[in-house]
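S.K.: Here is what each chain is made of, one letter per residue.
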Amino acid sequence: MTSTVDGQLPGVALTKSELLEMYRLMVLIRRFEEVAAEQYALGKIAGFLHLYIGEEAVAVGAIRAMDPEDHLVTHYRDHGYALALGLEPRRCMAELFGKATGLVGGRGGSMHFADASKHFWGGYAIVAGLLPIAAGLGLASKYLNQRRVAVAVFGDGATNNGAFHEALNFAALWKLPVLFLCENNQYGMGTAVSHASAVREMYRKACAYDIPAEQVDGQDVLAVYEVTKRALEHCRNGNGPYFIEALTYRYRGHSMADPETYRSKEEVEEWRRRDPIVLFRQKLLAHNVATEEELATLDRAVEEAVAEAVRFADESPEPDPATLTQYVYADPITVH
Amino acid sequence: MARELTYRDALREALREEMYRDERVFLMGEDIGAYGGSYAVTRGFLQEFGPERVRDTPIAELGIVGLGVGAAIGGLRPVVELMTINFALLAMDQIVNHLAKIYYMFNGQFTAPVVVRTVEGFGQLAATHSQFFENYFAYVPGLRVVAPAVPKDAKGLLKGAIRGNDPVIFIEHSLIYRNRGEVPDGEDFVLPLEGAEVRREGRDVTIVSWLRGYYLALGAAEELAREGIECEVIDLRVLRPLDIETIVRSVQKTNRLVIVEEGWKSFGVGAEIAASVQERAIDYLDAPILRVASVEVPMPYARNLERLVVPNKDKVIEAVRAALYQRALVPVAR
Ligand SMILES: Cc1ncc(C[n+]2csc(CCOP(=O)(O)OP(=O)(O)O)c2C)c(N)n1
Ligand SMILES: [Mg+2]
Chain A
70 MTSTVDGQLP GVALTKSELL EMYRLMVLIR RFEEVAAEQY ALGKIAGFLH
120 LYIGEEAVAV GAIRAMDPED HLVTHYRDHG YALALGLEPR RCMAELFGKA
170 TGLVGGRGGS MHFADASKHF WGGYAIVAGL LPIAAGLGLA SKYLNQRRVA
220 VAVFGDGATN NGAFHEALNF AALWKLPVLF LCENNQYGMG TAVSHASAVR
270 EMYRKACAYD IPAEQVDGQD VLAVYEVTKR ALEHCRNGNG PYFIEALTYR
320 YRGHSMADPE TYRSKEEVEE WRRRDPIVLF RQKLLAHNVA TEEELATLDR
370 AVEEAVAEAV RFADESPEPD PATLTQYVYA DPITVH
Chain B
64 MARELTYRDA LREALREEMY RDERVFLMGE DIGAYGGSYA VTRGFLQEFG
114 PERVRDTPIA ELGIVGLGVG AAIGGLRPVV ELMTINFALL AMDQIVNHLA
164 KIYYMFNGQF TAPVVVRTVE GFGQLAATHS QFFENYFAYV PGLRVVAPAV
214 PKDAKGLLKG AIRGNDPVIF IEHSLIYRNR GEVPDGEDFV LPLEGAEVRR
264 EGRDVTIVSW LRGYYLALGA AEELAREGIE CEVIDLRVLR PLDIETIVRS
314 VQKTNRLVIV EEGWKSFGVG AEIAASVQER AIDYLDAPIL RVASVEVPMP
364 YARNLERLVV PNKDKVIEAV RAALYQRALV PVAR
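In order, the protein sequence lines correspond to chains A and B.
The first sequence begins at 70 in the working numbering and counts up by one.
The second sequence begins at 64 in the working numbering and counts up by one.
Calculated directly from the structure, the hints in this document are not laboratory data.
Note that beta-carbon positions come from the ideal geometry of N, C-alpha and C, so glycine has one too.
Hints are not guaranteed to be accurate.
Taking lysine to aspartate or glutamate and the EDC-like style, the derived pairs with C-alpha atoms no more than 20 Å apart in a straight line are [what the hints assert, rightly or not]: (1) A:Lys334 <-> A:Glu103; (2) B:Lys378 <-> B:Glu290; (3) A:Lys244 <-> B:Glu115; (4) A:Lys187 <-> A:Glu103; (5) A:Lys244 <-> B:Asp267; (6) A:Lys187 <-> A:Glu138.
Some chain A residues near chain B, calculated using beta-carbon distances under 7 Å [claimed, not checked]: (7) Gly174; (8) Gly177; (9) His181; (10) Ala185; (11) Val196; (12) Gly198; (13) Ile202; (14) Leu208; (15) Ala232; (16) Glu235; (17) Phe381; (18) Asp400; (19) Val404; (20) His405.
Taking beta-carbon pairs under 7 Å as the criterion, some of the chain A residues facing chain B (in silico) [said to hold, decoys possible]: (21) Gly116; (22) Val173; (23) Arg176; (24) Trp190; (25) Gly191; (26) Ala204.
The shape of chain A in the complex, shown without the other chains (with noise of 0.2 Å):
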């Protein structure tokens, strides 16, 4: 393999700051979530904590392809997509440590992620949930006028949900400009996808609602990042909502409490051979768009961001308690 340009990859319409700076996120996530698993094991995290790794290349690849402008709404496995929205490592870190100056000071934890600024609208943690939301969010565009695309993300479990039914249907009736990002990890939990979907691929769900589909590999960060822009063109343009099955697989437990008695060893070892980190950078080198020493300050560059993020998180205040009863309503309450 060669590259015409030196650090360009051949096909692919990315600079090679841009192309940096996907390696950098993913390898960011990896190292966040490791840690973040290291400060769970110490009592520093609580609750319910959804690691991402393994399945970097989606959201990066994703993210990478939307306009500031365009609506996001996540499931509860959110740190992935926070961070590749580029929100700082330490204020995720400190929503996981339930501290003041996390990104939602302390109110929502690892599932509930947001941020207005960006226009990421929040991690939601009832599965399916946040499918009508999407849906929603995409009318708004469409009734304003706005070239705004509203993406979806959340898991293969979800798409057994009737809000997943309901909100395709909506999407597709109603022509909204909706992408539809499914992250195929091949479990719900414990449960196998095929004990729990009769249709094996997700993509062909949204055949029921006349919404185009295809599935990616969601190793592949480039992949995903290709057909994302497709997809969001296609929606931005007026054609209604687009369905896309990433094809992926968490490397953890679905949280911190699995017993993980549900898939083997060697099936995990599988999956970690398309690791999509390593992919990546093996791309990146094989097409000499960076040098190992490149990749390697990198590297070190987010281990000390992640190193940062934790000494800021321990370091900073619990929530005032005084704000204990604020943001329940917008408008005043003088009745008693």
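Using the hints, position chain B with the ligands against chain A.
M.R.: Positioned in the frame of chain A, the structure of chain B with the ligands alone reads:
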């Protein structure tokens, strides 16, 4: 100046005025457009405002509310209609787990100002179509629950709901759409979403209710007045936030309280009122707080049986007498 309007027309006026005032306001629900609305509240709206702003939806309650949530986050002012409150059960996840949580859970970063209009009532519709679920919603922090009884409130509170920034469950009643009442003129007649109203003053017994129950309370009060028993009648208007102070002030005067509710008594709105009143005013009470409520059965179809289930004026009168110890204190309608 004021005019007399029906409850239905008051609602229609509120919706029309708000749709003309603010282009972001749109309606979405089952059969609200071409069909004109199951209770004709939106009749003619499709012709007047077009299909972008008056959207007939599939029969998908969860989706209807969920799209409302997303549309509100995206900058619109959705007024979504759930054909009846019985079907709201299918939307419970979006209402409770999403709509009610967004402002708090995301630390006040954004709101989801959705108005969910729905209606309860009965009329030989049998078990699944004759239920009263205001307590399901009034239980949830983050929601405002409005239940207007009179046309003035129907209009003013609906406009307040649409203009406000909080999610609102707006509950109407199928048996009072034709009731008439004075409604102040002017598009600026907007009411805040809180506060009960004392609609009839009296010294002997306080009767608290809302929606159709208010009319039963009023009827009972008028009849009892003929024999010199003066009831104070409070229309709650808004169930969450609950205006307990107004009730307590009244009880401090009358020392007796009867609550009229159409839902089942157990775990109902009346239970909440009774508990809150005794917390603040137990020393003022000269009799147990009594509740007039539905008999605890799934609603039967047959006319005679249905009549036995729901509260009526006579049951309210009996309860008032019991509160005055004019008759034995037996639990009403269990
Ligand atoms: C409505 C609902 N039911 C059950 C759960 C518990 N639960 C949380 S995640 C999950 C599995 C979801 O799997 P999938 O959609 O494939 O997403 P993944 O976790 O694999 O990314 C379940 C059952 C939930 N959060 N919400
Ligand atoms: Mg899954």
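S.K.: Hints first: check each against the structure and report whether it holds.
M.R.: So, going through the hints one by one against the coordinates:
no.	hint	in the structure
1	A:Lys334 <-> A:Glu103	holds (19 Å)
2	B:Lys378 <-> B:Glu290	holds (17 Å)
3	A:Lys244 <-> B:Glu115	holds (12 Å)
4	A:Lys187 <-> A:Glu103	violated (25 Å)
5	A:Lys244 <-> B:Asp267	violated (61 Å)
6	A:Lys187 <-> A:Glu138	holds (8 Å)
7	Gly174	holds (4 Å)
8	Gly177	holds (5 Å)
9	His181	holds (5 Å)
10	Ala185	holds (4 Å)
11	Val196	violated (10 Å)
12	Gly198	holds (6 Å)
13	Ile202	holds (4 Å)
14	Leu208	holds (5 Å)
15	Ala232	holds (6 Å)
16	Glu235	holds (3 Å)
17	Phe381	violated (18 Å)
18	Asp400	holds (5 Å)
19	Val404	holds (4 Å)
20	His405	holds (6 Å)
21	Gly116	violated (13 Å)
22	Val173	holds (4 Å)
23	Arg176	holds (5 Å)
24	Trp190	holds (5 Å)
25	Gly191	holds (6 Å)
26	Ala204	holds (5 Å)
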